[in-house]
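Student: Since the structure of chain A is provided, determine the placement of chain B on it from the hints.
Residue numbers (my numbering), protein chains in the order written: chain A, 230 to 828; chain B, 25 to 93.
No lab work stands behind these hints: they were computed from the structure.
Don't be surprised by glycine CBs; every beta carbon is placed ideally from N, CA and C.
Heads up, some of the hints might be wrong.
[To be verified] In the SDA-like style, the derived pairs of lysine to any residue whose C-alpha atoms are separated by at most 20 Å in a straight line are:
no.	chain 1	residue 1	chain 2	residue 2
1	A	K299	A	G464
2	A	K442	B	G25
3	A	K259	B	G60
[Said to hold, decoys possible] To spell it out: a stretch of chain A is covered by chain B in this simulated footprint if at least three of its residues, at any positions, have a beta carbon under 8 Å from a beta carbon of chain B; those stretches are:
no.	region
4	240 to 251
5	599 to 610
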Amino acid sequence: MGLTSIDWIIMLLYFASVLGIGAVLKRYVKSSTDFFLAGRSLPAWICGLAFLSANLGAQEVIGMAASGAKYGIATSHFYWIGAIPAMIFVGLFMMPFYYGSRARSVPEYLRLRFDEKTRGLNAISFAIMTVFSSGISMYAMARLIQVLHVLDPIFDRLHIARSGIFHVSIIASAIIVLVYILLGGLTSAIYNEVLQFFLIVAGFIPLVWLGLKNVGGWHGLSEKLPAAFTHSWMGMSSAQTNPLGVDWFGLVAGLGFVLSFGYWCTDFLVVQRAMAADSMTAARRTPLIAAFPKMFFPFLVILPGLIAIALPSTAAHLATTNTGSAATTAQYSEGLIPPKIDPNTGRPLLDRQGKLIMDYDLAIPNMLLHYFPTGILGLGLTALLASFMSGMAGNVTAFNTVWTYDIYQSYIRPHESDEHYLWMGRVATVFGIALSVLAAYAATRFNNIMDMLQLVFAFVNAPLFATFLLGMFWKRATGHGAFFGLLTGTVAAAVHHGLTLPIGEPVGIKGGWLGPILHVYPSDMAQNFYTAIWAWTTCFVVTIVISLLTQPHEESKLVGLVYSLTEKPSEKHLRWYARPAALAVVIIVVLLLLNIFFG
Amino acid sequence: GIDIRLPIGLVFSLVGILLTAFGVASNSAIYQRSLGINVNLYWGLVLLAFGILMVVLGRRGMRPSGSSK
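Extracted from the complex, chain A is given alone in its bound form (with noise of 0.2 Å):
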């Protein structure tokens, strides 16, 4: 990659305005509150663009524009199936029992409407995988920088060898994320994740343009590609007939409900964001701002797949992760795809039926290497470090609440001073990151233990949407229902993954590892939304079952944590386009027009 003075300039700009961010709060930042809740002081757009934000990691610019490029537009389900209805939800319904309840963070809920044990399960499995995503956001950042040659000319005019790369972006992303959030707490972390909004935004929209252009646009994209590329909806009535190999049923209820309302409305990573918001209709609205852009982010991260893999194949400007010939990559590429390369022979890797295994998360850094020259190149590679930070900031900022609140004044130093909370809250950062460090690295040795330990917390979190649903609806849920659910969930979306496979996967980290193969999906995806909706139908059962079993507590106690025994927030002193509702229904409006322009 031909980096000149301008392209540097520009991304030392960015890191200077981080820290510069963080600097200038930390004189704010007074007590506990102001660290791990920016002081429930900011206003409703900037809790909704960091609520957006926090979500906008590697997995999300990265992984979106490979699944475009490997399934087309129907990726945008995700988007419209699988966040837009649950950020309503949580905005309309959610919010008023998260914030009203002046709960510090999304365990400490459970706590006040279940009990302690409930909260320590979800407290500790939290911060645990948090770290992990957080070590994995950087993993993914120093490989794309190695992939990228980012470094590559430094390196080599000061004789160091190019293995160094991918420690240096370690060790610089981790001082970095540190100390902006050591300085200013939440607040810092928002207000970065605001001009990370903005600069991801900046970065991708002239990208989309030039490679629209270069295409003939929408139309002359639709005639470059199957048709099933450009049409979310064409053959979803069966696994067989659309290229994401789900059914309907499994997309709706797999991804739209069990698995989008498990995240969007109970995470702390994003509720955390609306829990900063100076009032009840700020937190209310945050989830339905951040929808708003959140709608049309397909056209910005998934847009450039499908644009890549459109193009006629180029050996020109080609990055790949591993040591093939230019020969080579030109003649098996997908458009701007590269094939994976096996690094012993130099040929290309195929799968076990024999078909090419294409590389698709290099769909954006391919297309920012193909149509971007210098200059505006430094504007889109520093779009790409913003989004690999804010979502390790995301994670870091969640994980050192749910420490200090959840686990350490819970369970280590009750009754201590505001000032030592805010101490260990700085601590817990610290360590947050040098955890996050070491699972960066352990990626990078046990990748199949990694992959295992993100099949674990997908098991723990299928089933926590039940809970909640049950707690915030359902006056006489109890804690030990909620307990022995959760746990049974777990165990459910465990059970079902061991007794199913893909079609054409092998016993192992795929399923099947139970013995008996009770059924064949036919794609990993449907058996991950099936999981997901035995595990949450499971927890639901189990957790009613029990609660009906078990004593409830005394409705005096379960006011304002419970939709029937709470009172409404009054809108009526707001006007009609500032109230929550009515936000809701103009998302729906245009959700509806999306889906049927694109359907």
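Tutor: Frame of chain A; chain B shown alone:
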């Protein structure tokens, strides 16, 4: 505190000035890959305009009568 629009506006104004200046000064040959369009110049001007708008809004928000923090 500070109004976040102010630092965002400053960053975008600086990036806009850099890209615009580079777009004016650079050789047109480098724009072959961007379909012959001087994308640095045009996008630099857009970012500069956005940056100035954010600075104005941020300064208004920082006034005692006006903040996002």
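Student: Does each hint hold? Answer for all of them.
Tutor: Evaluated hints:
Pair hint K299 of chain A plus G464 of chain A holds up; C-alpha atoms about 16 Å apart against a cutoff of 20 Å. As the CA atoms of K442 of chain A and G25 of chain B are separated by approximately 43 Å, the hinted pair breaks the 20 Å bound. For the hint linking K259 of chain A to G60 of chain B, the alpha-carbon distance of about 53 Å lies beyond 20 Å, and the restraint is violated. Check result for the region 240 to 251 of chain A against chain B: holds, 5 residues qualifying (beta carbon to beta carbon below 8 Å, three or more required).
Residue count for the region 599 to 610 of chain A with a Cβ under 8 Å from a Cβ of chain B: 8. That meets the three needed, and the coverage hint holds.
Violated hints, in rising order: 2 and 3; the structure is consistent with all others.
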